[in-house]
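**Q** Sequence:
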Amino acid sequence: MIEIKDHEKPITARAIDPSIVIKQLSEQLSSLEEQLEEIHQPDTNIDRRYEVIKSNATVRKRISKLIQDADNEVNLSLTIIVGLPPPIETSGSPGW
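Read in order, the letters of the sequence shown correspond to residues 1 to 96 in our numbering.
Any given hint could turn out to be false.
[As the list claims (entries may be wrong)] Calculated pairs, SDA-like style, for lysine to any residue (alpha carbon to alpha carbon, straight line, at most 20 angstroms):
#, residue 1, residue 2
1, 61, 76
2, 23, 1
3, 61, 75
4, 61, 77
5, 65, 47
6, 65, 76
7, 23, 33
8, 54, 65
Treat the hints as calculated values from the structure; they're not laboratory data.
None of the values given here were measured: they were computed from a predicted structure.
Given only the sequences and the hints, what does the whole structure look like? Please build it.
**A** Rendered as structure tokens:
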């Protein structure tokens, strides 16, 4: 870390004492940790797994299982699915 004095001519830069830098960074990390702990509230009742699936067959199986097991709704985020069969859009049974 350096301190830049841009109000001087010529502009100067000097190294800051490492112990001061470490103290400041430690304080910032502690503050960040406290903020993260405040907003991090995991809900153990919700399954929050995220998966990357490449096989079309696996995608179809997972979607079918999610729909069959769902009580109310299923939220999916899909990048690209070419030729998605219409039954997935209109019924709770995939029909593949």
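**Q** List in ascending order the numbers of the hints, as given earlier, that are violated by the structure.
**A** none
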